[in-house]
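Peer 1: Take these sequences, add in the hints, and give me the full structure.
Number of protein chains: 2
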Amino acid sequence: MAVYTEVTDEELSAFLATYDIGTVLSYKGIAEGVENTNYFLHTTQGFYILTLYEKRVNEADLPFFLGLMQHLAKRGLNCPLPVSNREGEPLGRLAGRPAVIITFLEGIAVRRPTAQHCAALGGALAKLHLAGHDFAMARPNALSLDGWAPLFAQAEAQADTVSSGLAERTRRELENLKKDWPVGLPSGIIHADLFTDNVFFIGPQVSGLIDFYFACTDAFAYDVAICLNAWCFEADASFNLTKGRAMLAGYQAVRALEPAEVEALPILCRGSAMRFMLTRLVDWLNVPPGALVKPKDPLEYDRKLNFHRHVKHAREYGLGA
Amino acid sequence: MAVYTEVTDEELSAFLATYDIGTVLSYKGIAEGVENTNYFLHTTQGFYILTLYEKRVNEADLPFFLGLMQHLAKRGLNCPLPVSNREGEPLGRLAGRPAVIITFLEGIAVRRPTAQHCAALGGALAKLHLAGHDFAMARPNALSLDGWAPLFAQAEAQADTVSSGLAERTRRELENLKKDWPVGLPSGIIHADLFTDNVFFIGPQVSGLIDFYFACTDAFAYDVAICLNAWCFEADASFNLTKGRAMLAGYQAVRALEPAEVEALPILCRGSAMRFMLTRLVDWLNVPPGALVKPKDPLEYDRKLNFHRHVKHAREYGLGA
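Which chain is which? The protein sequence lines are A and B, in order. Under UniProt numbering, read the first sequence as residues 1 to 321, first letter to last. Under UniProt numbering, read the second sequence as residues 1 to 321, first letter to last.
Keep in mind that the hints were calculated from the coordinates and are not lab data. Incorrect hints may appear among the rest.
[As the list claims (entries may be wrong)] Using 25 Å as the maximum straight-line C-alpha spacing, the simulated PhoX-like pairs for lysine-lysine come out as follows: (1) B:K55 <-> B:K294; (2) B:K55 <-> A:K294; (3) A:K296 <-> A:K55; (4) A:K294 <-> B:K296; (5) B:K294 <-> A:K55; (6) A:K294 <-> B:K294; (7) A:K127 <-> A:K74.
[Unchecked claim] Okay, the calculated beta carbon distance ranges per label pair: (8) A:D61 <-> B:N176: 56 to 62 Å; (9) A:K55 <-> B:P140: 45 to 51 Å; (10) B:N176 <-> A:Q158: 51 to 57 Å; (11) B:A260 <-> A:T8: 36 to 42 Å; (12) A:G96 <-> B:N286: 28 to 34 Å; (13) B:A142 <-> A:A157: 48 to 54 Å.
Being a predicted model, the structure only gives us computed values, none of them experimental. A virtual CB, placed ideally from N, CA and C, is assigned to each residue, including glycine.
Peer 2: Set out below in structure tokens:
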């Protein structure tokens, strides 16, 4: 939620001169994007978002992310479309950073989604999975099973300062996940970070999906599990079955889950809760002095994990029999 | 440069329902405004800025600020126009804060103004002074002579930790300012904070002035002095006489400075440099842990003050003989 890199008006004008989108009328740093710097940009030709990639994004991954957005937009998905410069390149450099201009999407991120929003989100997620099927590039999910142990190693010694017993709970859970993690599920492009701030609505309709910078190749049902975690719990960590039902029905109306995916859903929910608990825990324990971003609470996901540990069947998430 | 107060989509929709400006299409927190929270707001009827006043703004001052903006806009000055709600009130409440919706101004803030920008700024400043002459409300300048000693008292003991000798230099300068501070100069509404980030340009023209939250009743020439400090120094604290000339000529083309104002300009420059040195010093010494805003360097204004101390006549700022 911050502007990490300041762009001067001269730098911006020079950068825009390499594009065919007019001259700048106004630009304002926007308080979105934990990973990157974003400006809202109005030119004589329209509205755009200017993104500068900060150090947390690996430059080598940018062709995958930008190519994916272009692919999905071509398939009719409402997602930001990277604008190519006069040389046909979507990726440029500005203020010492890799930078892109993407189209502006209208819509608002709902902070407290209703069941209706969850149903629409489920449908949009399934469409994303289908639209990605013929995208030629692949990117392994660095934040799945194999990534969790190294993450935990960074936080293990201090974990109990955050919550008593957290280290032991996590150790045991990681062992179980390793033992039971499913393989061979239907896979392809997943968003992998489809939290409420990355989904825009106009009224009850999804108007766009944004922030593809965790997108990767992994099991579709893992993406469903991430969304169950992000959309269907209440603030007190209770699971809202009505929202779960709505989301899963919305998803299945577009793409039916296979039996193996249904069976794996509880363990995938545990795994995805583990993923967000761990990255939040590492961030929580490593807040730099003077940080611009307030870290998110890892214990929210520890509590969700505890819920999932008691789930025996995907029905408990609201999946039809 | 931060969003201090998060506004949920439900809160925003309910707030907008009290206005006659359509329904929300998108809104994004913008990284502008050190004192307030600002959202860029797009509704079915147009573009706006939504401002939530944070604790540093005294609510009792808001009718003055909002009334002034409405007055200036009516006089043809390009400044944000507070939009009245269905009850005819510009001021509402949102997320527990006083809040207004103001019209969106196009234009970009130049980070490194040229002499041409300075000339245009001088003209815009003089127009502001003329446009304010029949505004009925008054607000004393809390950050002029009488306000400096209490500010310094908050910082004096630690001043030398910022720069060796700063406490003694400041004590001596405050005594001189008290002795020589001019009275009876032509006065009226001044902006009092017209830094480059508060002036928008489209090409070489000023397209708008914003951020009237330090506006008050004081000597016009004090506002000129603030702008000489803010616009005509280079990054190495050297004074750019070409820019000074351009700004003063731009100002005088609209409103001629009187002899008493010309004579007072050097001491007004010292005083206004003192004002920004002191507020920055206090902020510098009181950065809360986890602060979202990086404090500005007080020594920039200590160096400018040192320049002004050696000025004998307004000619040295570029004023025609």
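Peer 1: Each hint should be assessed against the structure and marked as holding or not.
Peer 2: Hints, one by one, checked against the model:
For the suggested pair B:K55 and B:K294, the alpha carbons sit about 18 Å apart, so the restraint of at most 25 Å is met. With a C-alpha separation of about 20 Å, the suggested pair B:K55 and A:K294 falls inside the 25 Å cut-off, and the hint holds. Distance check on the hinted pair: A:K296 and A:K55 sit about 20 Å apart at the alpha-carbon level, within 25 Å; holds. About 21 Å separates the Cα atoms of A:K294 and B:K296, which keeps this hinted pair within 25 Å; it holds.
Proximity of B:K294 to A:K55 is assessed by CA-CA distance (about 20 Å); at most 25 Å being required, the pair is judged to hold. Between A:K294 and B:K294 the alpha-carbon distance is near 15 Å, which keeps this suggested pair within the 25 Å criterion. About 13 Å separates the Cα atoms of A:K127 and A:K74, which keeps this hinted pair within 25 Å; it holds. In this structure, A:D61 and B:N176 meet the distance hint of 56 to 62 Å, their C-beta atoms being roughly 60 Å apart.
Checking the proposed 45 to 51 Å range against A:K55 and B:P140 shows it holds: the Cβ atoms sit about 47 Å from each other. A C-beta distance of roughly 55 Å is found between B:N176 and A:Q158, which places it inside the suggested range of 51 to 57 Å. Take B:A260 and A:T8: their Cβ atoms lie about 38 Å apart, and the range 36 to 42 Å holds. At roughly 32 Å, the beta-carbon separation of A:G96 and B:N286 lies within the given 28 to 34 Å, and the hint holds.
For B:A142 paired with A:A157, a C-beta distance near 51 Å keeps the hint of 48 to 54 Å intact.
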